[in-house]
Structure formats: structure tokens, C-alpha cells
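A.B. asks: Now for the letters of each chain:
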Amino acid sequence: MKYLKFIVVLLVLTVITACKDNASHKVSEEESVYKCPMQCEGNKTYAKLEACPVCKMDLVMVENQRTKSVADDVISDESIFNLTTTWHTEEGSTVQLKDLKGKTLVMVMIYTTCKAACPRLVADMRNIEAKIPKDKLNDLQFVLVSIDPKNDTPARLKAFAKENFMDGEQWTFLQGTESGVREFANVLAVKYKQISPLDFSHSNIISVFNSGGELVHQQEGLGVDNKETVDSILKLVQ
Amino acid sequence: MKAVLRLTICILLFWVHPADCQSKMVKIKGGTYIPLYGRDSLKVTIVDFQMDVYPVTNKEFLEFVKANPKWQRSKVKKLFADKNYLKDWKSDTELGDQQSLKAPITNISWFAAKDYCECQGKRLATIDEWEYVAMSNETIPDARTLKSYNEFILGWYEKPKTFNNEIGSTFKNYWNVYDLHGLVWEWTLDFNSVLVSGESRKDVDNDTNLFCGSAAVGATDLMNYAAFMRYAIRGSLKAKYAMKNLGFRCVRDINE
Amino acid sequence: MTNLIKHIIMILKQDKLKIKLSSFLAYLGLVTVLLTVSCVNTKKKTYENTADIPVNREMVAELTAPPHVPTPVGKRLAKKLIVNMEILEKEGEMTDGVKYVYWTFGGSVPGSFIRTRVGDEVEFTLSNHPDNKLPHNIDLHAVTGPGGGATSSFVAPGHEKTFSFKTLNPGLYVYHCATAPVGMHIANGMYGLILVEPEGGLPPVDKEYYIMQGDFYTKGENGEPGLQAFDMNKAVDEDADYVVFNGSVNALTGDNAITAKVGETVRLFVGNGGPNLTSSFHVIGEIFDNVFVEGGDMINENVQTTSIPAGGAAIVEFRVDVPGTFILVDHAIFRAFNKGALGMLKVEGEDNKTIYSGVVQEGIYNPEGGGVQTMPDDGKAKQTVATTEKTLAEKMESGKQIYMQTCFACHQAEGQGIPNAFPPLAKSDYLNANVDRAIEIVLKGKTGEITVNGEKYNSVMTRQSISNDEIADVLTYVYNSWDNNKTNVTKAMVDRVKSGH
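First to last, the sequence lines map onto chains P, E and U.
So the first sequence is numbered by this note's numbering: it starts at 1 and just counts up by one.
So the second sequence is numbered by this note's numbering: it starts at 1001 and just counts up by one.
So the third sequence is numbered by this note's numbering: it starts at 2001 and just counts up by one.
Next up, chain P with everything else stripped away, as it sits in the complex (with noise of 0.2 Å):
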């Protein structure tokens, strides 16, 4: 009876810890971490090439190790660091992109004489940037480059920028040569058309980089739910 007792009580806490959800461990700052390609257990990562405890597949190594401290002269080959145009900020200095390396970059391309799209993207970047914890926006910045660099000069971008509130730190706006524009869209995958002299036809997308300019998630579309955008975010500030 004892013994009955026993075995039901140890068969009743197998079931229930079998389905307990473990917590996710924080991503590993050193050199390996594996996951489970089946996900089994959501973004859970693990410190050894072993079997997902779960659906007993091999673990895989997770690529692009999001590690905070970069060398100054280590740009990886995804980097948009690698581009080497020169760009004038809305402050009137020249710079070129990897100036702008060690914080997390988000990025969009508008045109300051838009009257549809973009001002509601500026607004999507606003409202990406409220969802922010203010202690972490030290780490984050917001570029705006524009398709326009023939009328956007750097003191209409700035214009441009006390009319948005946009006038923060860390608020940047770029303007950069004609090629250079179309060769940075190139690398974003963003598509612009002028088809009138004030007025361009682009594709609305936002994307985030991590602080070695790497690409890291976009955003296609106008009022587009942010939730992945910010979360990704969020991760590369941690």
C-alpha cells in the first residue's frame, strides 16, 4: 500500500516537471552558443554541441554572435562599414557610416518634401523609439538618410528635424552623392524612383543594425505593427 502510495506521487511529479518551461538563459557573451533548430524551447540557447533536450535533434550554432565590444579595425563582411562614401549630418560635419559604429542603428530613407509616405514613417520611427526604456537610447541611433541629396542640404535636413522633434542626439540625418545614396539603398534593398523633380516613389522599409553595421531585421510597410522591430531592438541593446 505504502509502495502504491510512492509510485503514484513519483508518477504525478514526472508528468508535472516533464512539462515545466524552463527559463530562457540570456544569450551567451562567449564565443559558442547552440540552439535548437526546431526552437523546442523558444529562444532558449545551450552551452553544448549536444541533443535538444526536447525533440532530441542536433543543436546548431547560432550565427551572427551579437558580442558588444567590437575592435576599432575588425568590420565584418556583412558591415555596412564597408561602404566608404561620405555623408554630411544635419549638423554640417562630413562622416562617413562607420563613424556611426558601436551604437545600434536604425534606418530609414525618406525625402524631406514627402507629403505621403514619409511622414508616416517618421512617425513609425517615433514611436519605435518610445518603445525604448530611456536608459538604453544612449546606445541606439536613429539615421534618417535621404533620397533627395540634391535639395535635402544639411540645413534643411536640420529644418527638417526641428519641425519633427527630432532634433536629439540621438536623432542623425545623412545626406550623401547620388551614387552613394543609390549604393546604400542597394545594401538595404530599398527601391526609389524619382518621378518628378520633387517627388520620389520608394519603397518604405526600416531597418536595424547592430552596433558592427550588420544587418539585423526589417521592417516592410507603413504602420506596420513595430512588435518584432522593437524586440530585435531590444535584444542588441541588452
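In case anyone wonders, no lab produced these hints; they're calculated from the structure.
Just so we're clear, the structure is a prediction, and the values are computed from it rather than from any experiment.
Just so it is clear, CB atoms sit at the ideal spot from N, CA and C, and this is done for glycine as well.
DSS-like mimics (lysine-lysine), calculated; alpha carbons at most 30 Å apart, straight line:
| no. | chain 1 | residue 1 | chain 2 | residue 2 |
| --- | --- | --- | --- | --- |
| 1 | P | K35 | E | K1078 |
| 2 | U | K2486 | U | K2446 |
| 3 | P | K101 | E | K1075 |
What follows is a list of derived Cβ distance ranges for each label pair:
| no. | chain 1 | residue 1 | chain 2 | residue 2 | range |
| --- | --- | --- | --- | --- | --- |
| 4 | U | K2207 | P | V9 | 51 to 61 Å |
| 5 | U | P2146 | E | I1034 | 30 to 40 Å |
| 6 | U | P2146 | E | E1151 | 30 to 40 Å |
| 7 | P | Q96 | E | T1045 | 26 to 36 Å |
| 8 | E | S1100 | U | K2207 | 49 to 59 Å |
Based on the hints, put chains E and U in the right spot on chain P.
C.D. replies: Chains E and U alone, transformed into the frame defined by chain P:
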């Protein structure tokens, strides 16, 4: 005296040959026309420029990567080229066995093509410039309404593996330019201005006319679906893509 | 069984074990409950909203080329289904001597058949072969989402794209390419079917096949040999050169015919890729017992021809009861016979003569003959014709001629008659028994039942309006042929019979 004569001869020769002997170019006289995706029949004006007679060949690109190792397959940055880049080459500096030196270079990304042209003091053609030269047949500058012109192009769409043919294997057009049709697709400078993205009717600014679904309505000539194909291809590409059927040629501005 | 229980209870009641019966039963109950809870599939509940159906593990979809279909889903649970579809532009044969460059999903026209279950989460990877010239994408009518997947699958040659969708509605759906110009991509063969089976799967049948109709537009006319290019003008005008099943004229004929055995139930998944024409789908010699109208839930019964719109599909089911070759057609009939919309279902097995007997009798139907036919009467008309007596040979010759004109139609060339219809004259006991009766029959006709050579005949013979002379000749011919009693019938005999009544 002799020295002066020799010098003059050298200078003359220097002027006669184009600055870079690598590829022949011809002058294209500018004009206006309505391209396929002209909005409200928007006319486009082309200024005079020079265009390569032939697309860039395997041989020329091979020399380029030898001189610029950063564009070799093993060294190229992933940002600028995808896995298909020079896929069929045997090694960084050797062509594939099936490839001929005089065939057009393919499996290169837009970044590589752009850099190649810039190294020569040239650039890629814009879509408007390319289409302007390409709309001619052997004898007239604008042959888009001719049945035979469209049929030739559509016939090419059905022909497999034309990328292995040598440059100059198709017709010479009105401008004395070869192979704009019938050999390979070609990169253009602003290919990403084609907002055709499959079936997309996404909210891209206010110009939904430029999309596939209403492509037939927006295009200026319903029957010019030979041109549709080129725009569709351009719309499907990303700058780092490399494709077996995609090559390029360069153009140069004429400085006044 | 009861003994066993009694035995157990007896053991339990023994003091040695010291277990209380009630406690034991309680523990037994608890253990049973635990086991039931852990083992039984709690997922057997039905979901009001198909979007809530959970998926259980994953599986790679089996894709088949037409006319075959993958294994039915049966009772499996909804799964994460992995579909890998490749696009290939390749040259094929439309019909003898006519070549065409097809753009295909999975290398075939129509493209591979995808079989899913409602609630599956399909992870769809579309790959565009690097040798292809053009970008493509896919719009599956089974997808609930923008473009049916087209927006997320636009892919250049040498690249692939993946997107995922959940099948919310059961039914048979078309998929096709949706890249500009859409009509051209579809006209070149970029279409196929995706089946979403309901929970529990479709009822099992013996044979299932995959058929899809399409219209093709070529620069040359139908039949013009060589590699044919697509003709956009004809496509816009909806002037098809070929209307075929499964991509080519002979895709389902001859050796490629689909087969079944007598008594089997056959289910055809029939789609129409278009691009323009609606199909009037019919199987000659069969009636559809069930038609899932437009591929949905509504089932129509006893249907001869069903409409399948362009970009639509239908499921038809029927039982084959007799052997033979049953022709599948688009009943807009010139398409079937002049443009290729023709397929074959070959059924083997035992005949069933009741359902279909095949040819029962064959004969010449010659309603007029030499003489004018009238119904038998009381013999009022009298004909008197004076003739001289002929020789037997002459009579035979004349008689034969008359026979061939007048009597042959019913009594046949050798006097064998037609069973169950017209009595024989060859070796006929009835004929030989009474010559006068024979003469009278020719003069007056005959109705009513007679027995000839053991067989009953109940028919009508009309009066023959030929002269007595001719009657004599023809009867002489008959009597002197085919083992009859060689009577030489004279005109006098005929006259006598005629006047005798």
C-alpha cells in the same frame, strides 16, 4: 625635328584611340522618348553619352579581378556579393571549363559591376539610357512597335543557355551596339528604381501604378511585354545578387 | 471474464494481503485515470475555428507529378508541412513535331500536386533554378494572406524564398505564378493543384488521379511543327491553338491513359489552369456519382458534365461498372477533337451485359427494297399476268435477283434470317412443310407467332407486291437453295393459291 615629329605622331595616335583600349565605345546621340513605365506618358530626355559596344567579357573581368583582388570570389565581402558570385569559375582567377573568354561575364553582383565601370572612369547605364539604346533594331532608333523586333526578343526568352554565346553573336543595332538583346540581361545603375516586386500592391508611396498587378494598365504599350520582362527581372533583383543570365556593360558621360 | 473478477476479489478478501477492497479500487481508479490522461490524445477535440488547430511535429510533403497524387492524409493530425517547390523553364513536346518551352513548377505541367490537411502550417520554399531567365512567384488559392503568397515569394533565378501559411479551409485549390505579365506565365504552364483535406481526410476510394486542363497559344497554328513561341495577341483574344489536359495533347492517351478495374471507385481531382477558357468536363460513358462543386463542400450527385472555371477545380467521383475506354473531354466539343482536350480512362475487368451489352445485333437497315410494302390484308387485290414457263436456271437467276431486292433485307443473303426477328429460309421446316402456305405468305403477308426450326418468331411480314411470275421465281430460288426441298414453284401454282382464296 624627328623627335617632334615622333611626338606629334604619338599624340595623334593617343587622341585617335579612346582613352582606355579595353573596350570599344560608340557615341549615342541623345533624344527624348517615353519609356515603358512612363507615368502619364512622361517623356524622358537623354543627353549624349558613350556606350560600350559589347557587354563586358569573361576575359576583361578576369583581368579586373587579377588587378583588384578584393573582387575575387574568396575575398569579396558578403555585403557586396551573394553565394552565386562567380560560382562557375574554377578558382579565384580561373574561368570554368565550359566558359569561353569571349562570352559575357555573368554571376557578378551590381556592386562588382559598378566598381568595374568606375575603375575605368565609366559608370553603369541608367535604365532610361539603356532602354533608349535598346529600343532600336538594325536600322531604326525606335523599333518597339515592330512585330519582328518584339518577336526576336521573345524568341530569346525561350532559348536556353544563351549566356555561353560569345559577344557579337546577336545583331548590331542602329547605334552600332551589339547584344543588348539575345545574350544576357544587364545590370543598370538604378535598377532598384523599378518598384515591381512580384504581385506587390503594398503601400509604396502613392505610386501604385508601378506595380505588377496594374502593370498592364500603367505601361504605355500593352503589347510591349517584351519590355515587361526586363522590368520584372530588374524588380526581382537585389544589388548583391549574381545570376547566370545577368551581365553588364559600361557607359561614359561626354564632358562638354 | 466474470470468473477472473471473482478470482481477484477472492484473493483480495484474503486476510494475508491485508488490503482493503475499497482502497484498492480507489488506487486502481486513480492509476487508470492517470494512464488515460497521459496516453489518450487530447487533441481529438474539434475546433470551431480552424486557425486554432495546433500542429504536431513536422513532415516533408510528398509532391507528385501528374497524373498521380500523394498518399491521402487519412486520420493524421495537422502538422508543420515542409514543401520545397522548384521552378524550371524547360522545353517539352505539345504534340508530335510541335515543341514548346514550358515554365513549370516541379518540372511538369501542371505542377506538382500538394496534399495537405486543414490546420497544417505549410512552410513553403520556392526555388528558381539558376538556368532560368525570368523571376517568378506563386499564388496558392489555399492561402489566406496577401497575394496568396505572391508578395512573399517573388524570386530571381538562382535564388529561393520561404514563407509560411496555415490552411484554414478544406477544398481543392489552384496555384499559379503571379509575376507580370501574369497571363503569360500561366499560359506557359505555371499552374497546379493543392488539396486541403478536411479533418479525417476524404472518404477512401480505390483510385485517385490528377488532371488539369489548360489552353495554349502559339505563334503557329494548331499542328504547325517546330518550336512554337507564345503568342500574346492570341491570348488576349482568347483564341487558343491547343486546349489540353496535363500540358500536352497525348498526356492522357494511349500508354499514358489512366487506368482502373471494374468495380473500383475512381476520384479525379480536376483543375483548370486556364488562362482563359472554362472547362465543360465530361467523361464519355460515365456519370459522376458525386461532384464536389467547384472543389468546395457542396456535393452534387448524378452529374454528366460539370463546369470548371479558369482558376478553379472540382472533385468528381464515380464507380466504373463495365470495362472499356472512357474518354475524358472538355465538352465544348471542338476543343476535344480539334485542339487536344482529350484523355482516356482504360477500365479492365469483367463485362456486365445488363449494364451495357455492347453490340447485340448488327444488320443492314434497308427500309425500302424493290417492292412497295403494305400491311397484310384479306387478299383482295388480284393480279393476272400471263407468262411462259421458264427453265429452272432462268428461274433461279431471276429469283435470286428478286430475292436480293425484296427478301434479302430481312431474311439475309444465305436465308439465315435474324435471330429473334426474322425466321430463316435456309433448311426451314416451316417453309418445306407447306409450299402453298409459303406462296400465300408472299402474296398476303403474315402476322402472328410461328415456330421455325424450333425457334419462335412473332413478327410482321408485309405483303409483297410482285407479280405471280416473280413470286414463282423467287420461291423456286428459295426452295432450291440452302438445303430446302427443291420445289419448283410454278406460276400456275401461284395463280391457284391466289385465286383459291
